[in-house]
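K.L.:
Now for the letters of each chain:
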Amino acid sequence: MKFFRNLTIGQYVHKDSPIHKLDPRIKILTSLLMMILIFLTESWWSFLIIGFFFTVNIWLSKVQIKYVLRGLKPILVLIILTLFIHLFTTPGEVIFQIGVIRMTWEGLSRGMFIAVRLFLLILTTSWLTLTTSPIALTDGIERLLSFFKIIGFPAHEIAMMMTIALRFIPTLMEETEKIIKAQMSRGADFESGNILKRMKNMIPIIIPLFINAFHRADELAIAMEARCYRGGEGRTHYRALSFKYLDKVFFMIISFTIALIIIINVV
Amino acid sequence: MIKFDHVTHIYTGDREHEIVSLSDINLEIHDGDFIACIGANASGKSTFAKHINGLLVPSEGNVIVDDYNTRDKKSIWEIRKKIGIVFQNPDNQLVATTIEDDVAFGLENIGIEEAEMKRRVAWALDLVGMAELKDSEPHLLSGGQKQRVVIAGALAMHTTYLVLDEPTSMLDPRGRKEVLEIVKKLNKEEDITIIYITHFMSEAAEFKKIIVLDKGRIALQGTPKDIFGRIDLLKELHLETPQITKFARLLSENGLNIPPDILTGEEMIKELCLYI
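Sequences listed follow chains A and B, in order. Per our numbering: the first sequence = residues 271 to 537. Per our numbering: the second sequence = residues 14 to 289.
What the hints contain is simulated information worked out from the structure, not anything from laboratory work. A hint or two may mislead.
DMTMM-like mimics (lysine to aspartate or glutamate), calculated; alpha carbons at most 25 Å apart, straight line [claimed, not checked]: (1) Lys94/B <-> Glu363/A; (2) Lys451/A <-> Glu41/B; (3) Lys95/B <-> Glu495/A; (4) Lys221/B <-> Asp46/B; (5) Lys448/A <-> Asp274/B; (6) Lys147/B <-> Asp459/A; (7) Lys285/A <-> Glu150/B; (8) Lys332/A <-> Asp148/B; (9) Lys87/B <-> Glu503/A; (10) Lys291/A <-> Glu253/B; (11) Lys259/B <-> Asp274/B; (12) Lys131/B <-> Glu427/A; (13) Lys86/B <-> Glu363/A; (14) Lys514/A <-> Glu127/B; (15) Lys221/B <-> Asp178/B; (16) Lys228/B <-> Glu489/A; (17) Lys86/B <-> Glu461/A; (18) Lys291/A <-> Asp274/B; (19) Lys95/B <-> Asp286/A; (20) Lys448/A <-> Asp185/B; (21) Lys63/B <-> Glu489/A; (22) Lys131/B <-> Asp488/A; (23) Lys63/B <-> Glu495/A; (24) Lys197/B <-> Glu41/B; (25) Lys87/B <-> Glu495/A; (26) Lys514/A <-> Asp148/B.
Which residues of chain B face chain A? A few of them, derived with a C-beta cut under 7 Å, are [as the list claims (entries may be wrong)]: (27) Asn122; (28) Ser155; (29) Gly156.
For each residue, glycine too, the CB sits at the ideal point set by N, CA and C.
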């Protein structure tokens with residue numbers, strides 16, 4: 271039995287496209303700003319513009335639409351639920367009424383609006399994670415957060431932790447699988463009993479896993495020290511980030527889009 | 014040159030249990046040396062390795078690397094630049110998420126510029142024959158390939174000494190061979206001094222010089238032929254002789270005219286061919 275055969279971290283889809291080549295910093299900032307706008311706006315026009323913006327973006331990125339839809343799947347229930355709650359609880363002009371349950375036009379429009387808002391939020395994060403590799407994402411976050419280094423924010427340390435986590439997830443997964451098999455071969459049962467019992471049965475997996483992980487951390491720390499690691503100071507970057515022509519063009523487009531949305535909302 | 018001058022190391026876990034893991038080691042390792050270090054479990058092999066680049070500092074005595082003392086906190090990074098170290102478990106040495114990023118890790122730490130870094134990473138990966146896999150993720154590689162990446166990481170730093178602490182004990186026979194081949198090549202072509210700790214006697218037999226550690230002391234040192242010729246002493250130190258040497262000895266004891274200190278298969282074949 272193989273538990274983690276198809277393991278991929280995140281949902282990054284590798285393609286050779288202008289969107290993939292963009293500087294991760296600009297992509298992270300774009301996502302952040304867009305998410306704030308999506309939260310704040312009360313106008314359908316802004317949604318239309320944002321929706322159009324990401325549709326074009328995803329089309330340019332050559333990522334198949336099925337990956338985008340796959341990202342939406344887990345959130346679908348939430349979207350539908352929100353829609354229905356708004357549909358039936360908002361007071362206003364009644365469409366139809368059965369007993370105490372009644373549906374209103376205001377509820378319909380409000381529900382739709384919130385559903386689209388959730389949909390766009392997911393689309394924004396999907397766009398970022400589908401087109402940016404975990405390494406680029408970590409690099410981008412480190413570089414963005416380094417602005418806060420002045421107030422003592424540990425930007426480098428956080429990025430290093432993320433890198434090591436990314437590096438060791440597959441290794442620890444493999445190890446978990448080995449431990450599960452070893453415990454099963456000695457008669458451990460992970461599949462029967464109620465939830466409480468099953469949770470209790472996980473202990474023989476978790477304890478060896480943790481002990482091994484601590485052991486690994488120890489060895490890794492020694493290896494890093496032996497390779498002259500001494501924190502973020504004086505460190506250079508193998509993947510230097512610099513704004514290229516493409517980034518500048520994208521920057522103009524995104525500035526224009528955001529300005530447009532703000533104007534629509536203010537006027 | 015690396016010089017061990019009366020080096021003693023005592024682990025002080027709790028007060029009652031002081032473990033002497035190295036005691037009064039005197040040793041000179043010259044540039045270009047090709048040395049294997051063997052010894053039974055708990056003979057101090059790993060402690061010895063960790064003293065070379067200052068991961069451990071001697072309790073008494075000094076370790077001098079090219080005029081730098083490992084005690085001196087200011088020169089410790091200079092020493093670590095000179096000395097690459099490869100440990101047993103390849104998984105616990107790879108830091109980054111892709112091969113090339115990992116090779117660059119040490120270079121990033123010592124502040125090498127981007128263009129130079131790219132050059133050195135490409136050069137080091139090429140040297141260990143991993144250039145094609147530079148974009149792959151560490152967990153997808155075999156053990157031997159992972160160790161080669163770790164070696165490349167050390168080479169990229171332009172190290173002059175490479176210390177390998179049982180680099181092959183977690184590898185399959187093929188991985189073992191890969192690592193040993195690379196180490197030989199580095200010594201021969203790049204003139205890198207090798208200190209190779211192992212518990213495989215057949216591996217040790219391929220080095221120019223062997224140091225035998227026992228209970229923290231240097232019990233023997235010499236060429237493989239000297240060392241493996243002394244079977245009785247090795248037995249006392251809980252060490253084996255390579256299988257082929259045992260075989261040669263048995264043949265010679267049973268009346269065949271074969272030297273009892275044969276170390277490799279090729280030598281044995283040559284000798285046996287004389288009989289046909």
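K.L.:
Now, for every hint given, state plainly whether the structure supports it.
P.N.:
Here's how the hints hold up against the structure:
The straight-line distance between the Cα atoms of lysine 94/B and glutamate 363/A is roughly 76 Å, outside the 25 Å bound, and the hint therefore fails. Under the criterion of a C-alpha separation no larger than 25 Å, the hint pairing lysine 451/A with glutamate 41/B is inconsistent with the structure, at around 49 Å. Distance hint between lysine 95/B and glutamate 495/A is fulfilled; the C-alpha atoms sit about 14 Å from each other, no more than 25 Å. As the CA atoms of lysine 221/B and aspartate 46/B are separated by approximately 8 Å, the hinted pair is consistent with the 25 Å bound.
A distance of roughly 43 Å separates the Cα atoms of lysine 448/A and aspartate 274/B; the hinted pair therefore is violated under the 25 Å criterion. Between lysine 147/B and aspartate 459/A the alpha-carbon distance is near 41 Å, which puts this suggested pair outside the 25 Å criterion. For the hint linking lysine 285/A to glutamate 150/B, the alpha-carbon distance of about 17 Å falls within 25 Å, and the restraint holds. Of the pairs offered as hints, the one joining lysine 332/A and aspartate 148/B holds, with about 21 Å between alpha carbons and a cut-off of 25 Å not exceeded.
For a cut-off of 25 Å, the pair hint linking lysine 87/B to glutamate 503/A stands: about 16 Å separates their Cα positions. Note on lysine 291/A and glutamate 253/B: the hinted pairing is violated, with a Cα-Cα distance of about 57 Å set against a maximum of 25 Å. Of the supplied pair hints, the one linking lysine 259/B and aspartate 274/B holds, its CA atoms being roughly 9 Å apart against a limit of 25 Å. Using a Cα cut-off of 25 Å, the hinted pair lysine 131/B and glutamate 427/A holds, with the two alpha carbons roughly 24 Å apart.
Pair hint lysine 86/B plus glutamate 363/A does not hold up; C-alpha atoms about 78 Å apart against a cutoff of 25 Å. At most 25 Å may separate the alpha-carbon atoms for a hinted pair to count; lysine 514/A and glutamate 127/B meet this at roughly 17 Å. In summary, the hint linking lysine 221/B to aspartate 178/B is supported, as the alpha carbons are separated by about 17 Å, within the 25 Å threshold. With a C-alpha separation of about 24 Å, the suggested pairing of lysine 228/B with glutamate 489/A holds against the 25 Å cut-off.
A distance of roughly 55 Å separates the Cα atoms of lysine 86/B and glutamate 461/A; the hinted pair therefore is violated under the 25 Å criterion. With a C-alpha separation of about 62 Å, the suggested pair lysine 291/A and aspartate 274/B falls outside the 25 Å cut-off, and the hint is violated. With a C-alpha separation of about 40 Å, the suggested pair lysine 95/B and aspartate 286/A falls outside the 25 Å cut-off, and the hint is violated. Using a Cα cut-off of 25 Å, the hinted pair lysine 448/A and aspartate 185/B holds, with the two alpha carbons roughly 18 Å apart.
Our distance criterion of 25 Å between C-alpha atoms is met by lysine 63/B and glutamate 489/A, whose separation comes to about 12 Å. Note on lysine 131/B and aspartate 488/A: the hinted pairing is violated, with a Cα-Cα distance of about 29 Å set against a maximum of 25 Å. The hinted pair formed by lysine 63/B and glutamate 495/A meets the criterion: a straight-line CA distance of about 11 Å does not exceed 25 Å. Between the alpha carbons of lysine 197/B and glutamate 41/B the distance comes to roughly 21 Å, so the proposed pair stays at or under 25 Å and holds.
For the suggested pair lysine 87/B and glutamate 495/A, the alpha carbons sit about 15 Å apart, so the restraint of at most 25 Å is met. For a cut-off of 25 Å, the pair hint linking lysine 514/A to aspartate 148/B stands: about 23 Å separates their Cα positions. Among the interface hints, the one on asparagine 122/B holds; its C-beta lies about 4 Å from the nearest C-beta in chain A, closer than the 7 Å criterion. The interface hint given for serine 155/B is violated, since its Cβ lies 13 Å from the closest Cβ of chain A, which is over the 7 Å cut-off.
Checking glycine 156/B against chain A by beta carbon gives a least distance of about 12 Å; that is not within 7 Å, so the hint is violated.
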